[in-house]
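Undergrad: Sequence:
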Amino acid sequence: MAAGRAEQQQGALTFAAADAVQAAYREHAAAAGVSRLDLEMAVKQAVRHPESEPAA
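Residue numbering for the sequence shown follows the working numbering, starting at 32 and increasing by one per position.
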């Protein structure tokens, strides 16, 4: 998935990388017993709106 993210950030996402990312989502969702869509949305939420780190 890291390769897919790097390609996306460079504006050069390939079909192969996008397919690999989706396959990883499907496999992880199946193993965890959750919806692939729910998993993908949760990951996007965590990436786009990470909680601020606790004050030290």
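In case anyone wonders, no lab produced these hints; they're calculated from the structure.
Note that the structure is predicted; figures quoted are calculated from it, not measured.
C-beta atoms are modelled at their ideal positions from N, C-alpha and C, and glycine is treated no differently.
Please note: incorrect hints may appear among the correct ones.
[What the hints assert, rightly or not] The following label-pair restraints were derived from C-beta to C-beta distances: (1) E71 / A37: 30 to 40 angstroms; (2) F46 / E82: 15 to 25 angstroms; (3) A43 / G64: 28 to 38 angstroms; (4) G64 / G42: 32 to 42 angstroms; (5) A55 / R79: 26 to 36 angstroms; (6) R79 / H59: 31 to 41 angstroms; (7) P81 / A37: 30 to 40 angstroms; (8) G64 / Q41: 14 to 24 angstroms; (9) E82 / A47: 13 to 23 angstroms; (10) H59 / H80: 17 to 27 angstroms; (11) R67 / A47: 14 to 24 angstroms; (12) T45 / E82: 25 to 35 angstroms; (13) Q40 / Q76: 10 to 20 angstroms; (14) Q39 / R67: 14 to 24 angstroms.
Undergrad: Hint by hint, note whether the structure agrees.
TA: Hints versus structure:
1. E71 / A37: 30 to 40 angstroms: With Cβ atoms ~18 angstroms apart, the hint is violated.
2. F46 / E82: 15 to 25 angstroms: violated, 33 angstroms
3. A43 / G64: 28 to 38 angstroms: holds, 34 angstroms
4. G64 / G42: 32 to 42 angstroms: holds, 35 angstroms
5. A55 / R79: 26 to 36 angstroms: Violated, since A55 and R79 (Cβ atoms, about 19 angstroms apart) do not stay within the stated range.
6. R79 / H59: 31 to 41 angstroms: At 19 angstroms between Cβs, range violated.
7. P81 / A37: 30 to 40 angstroms: Check failed, 19 angstroms falls outside 30 to 40 angstroms.
8. G64 / Q41: 14 to 24 angstroms: For Q41 against G64, whose Cβ atoms are near 34 angstroms apart, the range 14 to 24 angstroms is violated.
9. E82 / A47: 13 to 23 angstroms: At roughly 33 angstroms between Cβ atoms, A47 and E82 fall outside 13 to 23 angstroms, so the hint is violated.
10. H59 / H80: 17 to 27 angstroms: Cβ of H59 to Cβ of H80: about 21 angstroms, so the range 17 to 27 angstroms holds.
11. R67 / A47: 14 to 24 angstroms: Holds, since R67 and A47 (Cβ atoms, about 19 angstroms apart) stay within the stated range.
12. T45 / E82: 25 to 35 angstroms: For E82 against T45, whose Cβ atoms are near 32 angstroms apart, the range 25 to 35 angstroms holds.
13. Q40 / Q76: 10 to 20 angstroms: holds, 18 angstroms
14. Q39 / R67: 14 to 24 angstroms: Holds - the Cβ-Cβ distance for Q39 and R67, about 18 angstroms, lies within 14 to 24 angstroms.
Hint check: violations occur at hints 1, 2, 5, 6, 7, 8 and 9; the rest are consistent with the structure.
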